[in-house]
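*Asks:* Sequence:
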Amino acid sequence: MRTVAAALFAFGMAGSAFGLTFSDRFRSPRNPERRVRSSTTLVVLHTTEAGARSSLNKLCERGECHYCVPENGTVYRIVDRERVAFHAGRSMWNGQEDCDNFSVGIEVVGHHDEPLTLKQLDALKELLAWLKQIYKLTDAQIVTHSQVAYGAPNKWQKKNHRGRKRCGMLFAMASVRAKMGLSARPKYDPDVRARRLVQADPYLSSVLYGKVDTMASRIGKPDPAPSKGILAGVKTWFGGASKTDKPKAETAKTPEKPAPPKQVAKPPPEKKVVVSTPAPPKTVVKAVPAGTVQKTAFPKTLAELHALKTHKLAGVVDAKHSASKLAGKAWNGATTYYFTRGKVVTGDKVDARRLEKGACVYVKK
Numbered sequence: 001m002r003t004v005a006a007a008l009f010a011f012g013m014a015g016s017a018f019g020l021t022f023s024d025r026f027r028s029p030r031n032p033e034r035r036v037r038s039s040t041t042l043v044v045l046h047t048t049e050a051g052a053r054s055s056l057n058k059l060c061e062r063g064e065c066h067y068c069v070p071e072n073g074t075v076y077r078i079v080d081r082e083r084v085a086f087h088a089g090r091s092m093w094n095g096q097e098d099c100d101n102f103s104v105g106i107e108v109v110g111h112h113d114e115p116l117t118l119k120q121l122d123a124l125k126e127l128l129a130w131l132k133q134i135y136k137l138t139d140a141q142i143v144t145h146s147q148v149a150y151g152a153p154n155k156w157q158k159k160n161h162r163g164r165k166r167c168g169m170l171f172a173m174a175s176v177r178a179k180m181g182l183s184a185r186p187k188y189d190p191d192v193r194a195r196r197l198v199q200a201d202p203y204l205s206s207v208l209y210g211k212v213d214t215m216a217s218r219i220g221k222p223d224p225a226p227s228k229g230i231l232a233g234v235k236t237w238f239g240g241a242s243k244t245d246k247p248k249a250e251t252a253k254t255p256e257k258p259a260p261p262k263q264v265a266k267p268p269p270e271k272k273v274v275v276s277t278p279a280p281p282k283t284v285v286k287a288v289p290a291g292t293v294q295k296t297a298f299p300k301t302l303a304e305l306h307a308l309k310t311h312k313l314a315g316v317v318d319a320k321h322s323a324s325k326l327a328g329k330a331w332n333g334a335t336t337y338y339f340t341r342g343k344v345v346t347g348d349k350v351d352a353r354r355l356e357k358g359a360c361v362y363v364k365k
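This note's numbering numbers the first residue of the sequence shown as 1 and each following residue consecutively.
It is worth saying that the hints were derived from the structure and are not from the lab.
Just so you know, even glycine gets a beta-carbon here, dropped at the ideal spot from N, CA and C.
The reader is advised that the hints may include incorrect statements.
Pairs of lysine to aspartate or glutamate, EDC-like flavour, derived with a Cα cap of 20 Å [as the list claims (entries may be wrong)]: (1) K187 / D201; (2) K329 / D351; (3) K211 / D201; (4) K343 / E356; (5) K132 / E82; (6) K132 / D122; (7) K159 / E126; (8) K165 / E97; (9) K58 / E33; (10) K165 / E356; (11) K211 / E304; (12) K357 / D318; (13) K329 / D348; (14) K325 / E356; (15) K136 / D201; (16) K364 / E304; (17) K165 / D100.
Computed spacing ranges between beta-carbons, pair by pair [said to hold, decoys possible]: (18) V212 / A334: 57 to 67 Å; (19) S39 / K349: 43 to 53 Å; (20) A174 / H321: 46 to 56 Å; (21) S183 / Q157: 44 to 54 Å; (22) T310 / V198: 52 to 62 Å; (23) L308 / G328: 11 to 21 Å; (24) G89 / F22: 20 to 30 Å; (25) G89 / K155: 53 to 63 Å; (26) Y135 / Q199: 43 to 53 Å; (27) Q199 / K357: 31 to 41 Å; (28) A129 / A297: 32 to 42 Å; (29) D139 / K349: 46 to 56 Å; (30) G328 / P190: 46 to 56 Å; (31) S38 / D139: 20 to 30 Å.
Required output: the full structure, derived from the provided sequences and hints.
*Replies:* As structure tokens, then:
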């Protein structure tokens with residue numbers, strides 16, 4: 001098995017070969033606690049069903065995917081691609097349960113029934129081609145979360161069943177797969193065919209394995225409204241400018257006869273006043289005394305905490321690793337940070353008795 005260093009080297013080399021650029025801004029602190037997968041036979045595509053900022057923060061905090069692609073096409077690395085990321089939940093494919101153990105998970109900011117941006121699909125095309133080459137995968141091994149997720153029996157459905165969620169279902173549509181450089185897809189659900197599961201959502205099945213393609217008719221149509229926020233200046237994948245962006249043709253009007261100019265008395269000539277412009281004041285740069293510590297903004301999210309250059313991740317609190325074991329004597333100091341219960345707390349304010357398992361501990365370098 002390759003060492004982590006060798007794996008990261010191969011990661012960088014392959015990424016540059018495909019012209020991919022990655023960002024580690026939201027790399028999850030859960031990486032050290034995740035084991036390396038023994039095999040990779042699937043790539044699972046998800047839709048976040050939420051905005052970019054909230055999605056990236058959540059994915060980073062919990063380590064719930066390997067990559068995330070927001071509307072601007074940036075590829076964020078969340079969990080190292082060879083480690084297990086908790087993205088598939090209750091899942092099965094071809095008789096194998098817990099797809100996290102043999103798949104790469106990609107979260108795409110968007111919704112299962114809405115088109116993506118052109119930059120997202122371009123980024124996905126490059127990323128998928130690269131992953132296919134690394135893991136020797138076929139197009140049919142690129143699946144959606146809705147294809148692998150399944151539900152437990154309930155009062156409406158008495159058997160284990162497909163149709164628990166429609167996450168990422170647009171990635172099974174022929175028009176979208178073509179934009180991502182994919183020509184094939186699974187022809188049927190192997191677990192439904194083998195009667196391990198039953199199909200509880202006929203419409204979803206017709207999208208995943210039939211001819212339903214709600215995105216095909218939208219390709220080539222103009223964007224109905226200008227994008228805002230993170231999508232500002234980004235074309236949608238069905239392209240074109242908004243009709244409202246086109247200049248309106250002006251209607252020719254008959255020119256009116258101008259009124260005769262009024263006779264205005266000429267004002268007396270103004271006296272010229274010469275004003276001397278003073279030289280701009282010199283900028284004085286005050287030297288910072290040696291030993292002075294400049295204050296930095298207090299981190300509010302796990303991503304901001306992880307990006308601090310002054311601190312490093314000491315570990316994650318669990319049954320074998322207490323706060324004092326991870327941070328030593330500085331565990332209750334003001335310079336030690338904890339990410340617990342969704343917020344950042346300093347060591348002098350943390351309650352060791354209420355410090356839950358999974359809390360991230362950051363100590364000063």
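*Asks:* Taking the CB of G328 and the CB of P190, does the distance hold inside 46 to 56 Å?
*Replies:* holds, 52 Å
*Asks:* Regarding G89 and F22, is the given constraint of 20 to 30 Å on their beta-carbon distance met?
*Replies:* Since the Cβ atoms of G89 and F22 sit about 25 Å apart, the hinted range of 20 to 30 Å holds.
*Asks:* Is it true that the CA of K132 sits at most 20 Å from the CA of D122?
*Replies:* Status holds; Cα separation ~16 Å.
*Asks:* Would you check the hint for K329 and D351, treating anything up to 20 Å between C-alpha atoms as holding?
*Replies:* holds, 15 Å
*Asks:* Is the hinted range of 44 to 54 Å satisfied by the C-beta distance from S183 to Q157?
*Replies:* Check failed, 34 Å falls outside 44 to 54 Å.
*Asks:* Tell me if the straight-line CA distance from K364 to E304 falls inside 20 Å.
*Replies:* holds, 15 Å
*Asks:* Does the structure keep K165 and E97 at a Cα separation of 20 Å or less?
*Replies:* With a Cα-Cα distance of about 17 Å, the restraint between K165 and E97 holds, given a limit of 20 Å.
*Asks:* Are the Cα positions of K165 and D100 separated by 20 Å at most?
*Replies:* At roughly 17 Å apart (the allowed maximum being 20 Å), D100 and K165 satisfy the hint.
*Asks:* Taking 20 Å as the top limit, are the C-alpha atoms of K187 and D201 close enough?
*Replies:* holds, 17 Å
*Asks:* Between A129 and A297, does the beta-carbon spacing fit 32 to 42 Å?
*Replies:* holds, 39 Å
*Asks:* Hinted pair, alpha-carbon criterion (20 Å max): K211, E304. Please report holds or violated.
*Replies:* Not satisfied, since the Cα-Cα distance of roughly 45 Å exceeds 20 Å.
*Asks:* 52 to 62 Å was suggested as the range; check whether the CB atoms of T310 and V198 agree with it.
*Replies:* holds, 55 Å
Hints 7, 10, 11, 15, 21, 25, 26 from the list above are not met by this structure, while the remaining hints are.
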